[in-house]
Structures are given as structure tokens and as C-alpha cells.
Amino acid sequence: MSEAGNGSPAVLTLNAGSSSVKWALFRMDSLPVRTATGKIERIGLRDGIVTVTDVATGHNERRIEQVPDHAASVRLLIDQLAQSGKGLSVQAIGHRVVHGGSRYADPQVVSAEVMEELRRLSPYDPEHLPAEITFIEAFGTEYPQVPQVACFDTGFHQHLPPVARLLAIPRRYETLGIRRYGFHGLSYAFLMEELERVAGRDAARGKVILAHLGNGASLAAVRDGASIDTSMGFTPASGLPMSTRSGDLDPGLVSYLARTEGMTADQFHHMVNAQSGLLGLSEISPDLRDLLAQEGRDARAAEAVALFCYHGKKWVIRTDEESQIAQSVCRLLALTVGR
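Residue numbers (the numbering used here): 211 to 549.
Incorrect hints may have been included.
Dumping the calculated DSSO-like pairs for lysine-lysine here, alpha-carbon to alpha-carbon at most 30 Å [what the hints assert, rightly or not]: (1) Lys-296 / Lys-232; (2) Lys-417 / Lys-296; (3) Lys-523 / Lys-417; (4) Lys-249 / Lys-296; (5) Lys-232 / Lys-249.
Estimated spans, in silico, between C-beta atoms of each pair [what the hints assert, rightly or not]: (6) Arg-330 / Glu-352: 16 to 26 Å; (7) Ser-240 / Pro-372: 35 to 45 Å; (8) Pro-372 / Leu-459: 22 to 32 Å; (9) Leu-377 / Ser-332: 46 to 56 Å; (10) Pro-242 / Glu-352: 18 to 28 Å; (11) Gly-435 / Asp-239: 41 to 51 Å; (12) Ile-388 / Glu-513: 42 to 52 Å; (13) Ser-312 / Pro-336: 35 to 45 Å; (14) His-480 / Glu-327: 31 to 41 Å; (15) Arg-507 / Glu-327: 48 to 58 Å; (16) Arg-272 / Pro-371: 37 to 47 Å; (17) Lys-523 / Glu-352: 25 to 35 Å; (18) Ile-527 / Pro-372: 20 to 30 Å; (19) Arg-329 / His-480: 20 to 30 Å.
Hint data in this document are derived by calculation from the structure and do not stem from the laboratory. Because the structure is a prediction, the values reported are computed rather than measured. Virtual Cβ for every residue (Gly too), placed ideally from N, Cα, C.
Between the sequences and the hints, there should be enough to build the whole structure, so can you do that?
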């Protein structure tokens, strides 16, 4: 793959996370045609997994290789692209960026100003943003003449109603950007496009509940094509229990563990992002498929599956803000408070 110049025009898309990076290469014909995909997983561990797939032939190359850090994964990825992108001339590079803060809803051409804002936002999501910044900087160095575009996962939820956006903490913190943002927005935007294609515009413009279920999991309520509520809040660790993330917790747990176990802020962050969820509860695996295979013979696996389903159903009811169930509950609460 070469910089803009000779060869068929192509676009590269990147999704960099804390321990993995996924990429796809598209030849830009009348419609984009995906020609190759790849991923580098388990960055920082001895048994990293490197995969490259040629879409046209279906050939899949997979190997185990130590990838010590993100700098090494950048070099490895550029080598992969040199092989998979022969005859292609990259015209643009698109990056999934988890957090755009209050400032960015729409995709932004990467500039010095955008990079400065992403660095400022890094403490919002230290699991993802530093890696994403590393890849943007590296590809800016490797392909200096190619425009890069940052596409924000928070953008889909940027115009949440105030009641769904605010946190019930002192209002001064909102001016510091501390509020509910919601995530998985690029996934939800794609789902809405597909819903309109498959079911028609009227269905897509009605009341819709969307679910993104992977290592990270969330739900979103959409009305008239706009997000009106979502399960994730200030960070992607909130909402549903996930593979290794805790989901919503009682905030009193932070001070309790600090007092009784001397747990630091960094240790708590690591626990709720990397040691909790399905993995923490089951003590077996973060993968729901593994737990489903063992739930009949291991009570911990069964409880983890049951907890995930329980909270999933609870969030469906919560996000369906105009359902008969939600209306009935609200009427009951109003009567109780009235007494």
C-alpha cells in the first residue's frame, strides 16, 4: 500500500483498543469494496495473535507472535498493509475514536487542534484514547500526505435530552465535562442505516431499542432517529455487566475499598475494567460462549450468565421509556410518593 499516488484508490480504517487493533482496507470503486482485513490481539502478552484475511480469496493467515506494546503493533500493522495493499494507493485513513467529549460529535479531519483535544480527553478513557492517539500519530508519520479522519463513538449520543445526560452530582462538574456520554455510537449509526434498509424508513424513525453485545455491551433507545437514552454513561465501564467490566456499581464501593483494602484509584480502575464482569463473577472466562458451555455444571458460570441476562432485560425496560411497563411503574411511583 502506497501513499496517495499510483495505484487504485483505497481507504484504510482502524479500530485501536487497549490490547488490540483491527483494520480493514477498502478499494474505492463506485462503491467501497473490502479487500483485506486484519487484527492484532493480546498486545503486551507473550501469546499475541496476528491475523490477516484476503477477502477475495478467503485466505486467512493466523500466527502467534509476541507484540510487546502499541509501538510494536504499529510497525507490524504497517508491514501487514505493505503486503495486503499491493497495487492500492491510500487516499484517506479513518480512525474509530472512543471519546469525543462535549466538543466533537461529527467526524473531524485530524489536525493539531484535534490532537490537542484528544490528549486533553485521555483521562476520560485511559483504556482506549492513548492507544488511538498512538496510531493516529504513527500513521501521520508514515503517510504524512494522507488525510486522517477521527470518527467518534460518543457522537451518536451527543444530543441526549438533559434528563438522560446529567449526573446527579454538584452541577459545577458538568462545566468540566463530567456527564453521561454513551458509547458504541458508530455501531448504532450502522445499525440504524441497516434497519432503514431492511425494514424501511418508517420503522427506523419510530421507537427503537438497539443493542451492541460484544466484550463491551450497551443498549440505546432511539426515537425519530435520535438517541434519547443509553446504558453507558461517563465511561465505557458503566451500564451492563460486560466481559471484564463491572457495569454500574454503588459509588460507595470506591471509598469502602479504599478504607478497608487500601485500594488506590488506579487499582480500582483496573478492577472494574479488567477483572470484573463475567470474568470476575465466574472466575472462569470473560467469554459468554465459554460460560454457556459450562453453566450446566458450574454454578459460577450459571450465575454469571443469569446476571448478564437479568441486567440486559432490566435495561431493555429502562430504555423503552414509553412502554406500558415503564408507564405503569411511573404511575405506581407517583402514587406512592403522593402518600
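* To do: Could you say whether the range 48 to 58 Å given as a hint is met by the Cβ separation of Arg-507 and Glu-327?
  => Roughly 50 Å apart at Cβ, these two residues keep to the hinted range, so it holds.
* Has the hinted range 22 to 32 Å been met by the Cβ atoms of Pro-372 and Leu-459? -> holds (24 Å)
* Asked: In this structure, is the beta-carbon distance linking Ser-240 and Pro-372 contained in 35 to 45 Å?
  -> holds (43 Å)
* Does the Cβ distance between Gly-435 and Asp-239 fall inside 41 to 51 Å? -> With a Cβ separation near 29 Å, Gly-435 and Asp-239 fall outside 41 to 51 Å, so the hint is violated.
* Per the hint of 37 to 47 Å, is the separation of the Cβ atoms of Arg-272 and Pro-371 within bounds? -> The hint (37 to 47 Å, Cβ to Cβ) holds, given that Arg-272 and Pro-371 are roughly 45 Å apart.
* Asked: Lys-523 and Lys-417: Cα distance at most 30 Å?
  -> holds (17 Å)
* Satisfaction of hint between Lys-232 and Lys-296, Cα-Cα up to 30 Å -> Holds - the C-alpha atoms of Lys-232 and Lys-296 are around 19 Å apart, at most 30 Å.
* Is the hinted range of 42 to 52 Å satisfied by the C-beta distance from Ile-388 to Glu-513? -> violated (33 Å)
* Could you check the hint for me, namely that Leu-377 and Ser-332 are 46 to 56 Å apart, CB to CB? => This hint is violated: roughly 20 Å between Cβ atoms.
* Asked: Could one say that the CB atoms of Lys-523 and Glu-352 fall in the range 25 to 35 Å?
  -> About 47 Å separates the Cβ atoms of Lys-523 and Glu-352, which means 25 to 35 Å is violated.
* Is 31 to 41 Å a correct range for the gap between the Cβ atoms of His-480 and Glu-327? -> Because 26 Å falls outside the window, the suggested range is violated.
* Asked: Holds or violated: Lys-232 with Lys-249, Cα cutoff 30 Å?
  -> holds (4 Å)
In summary, the structure is inconsistent with hints 2, 9, 11, 12, 13, 14 and 17 from the numbered list given earlier, while agreeing with the others.
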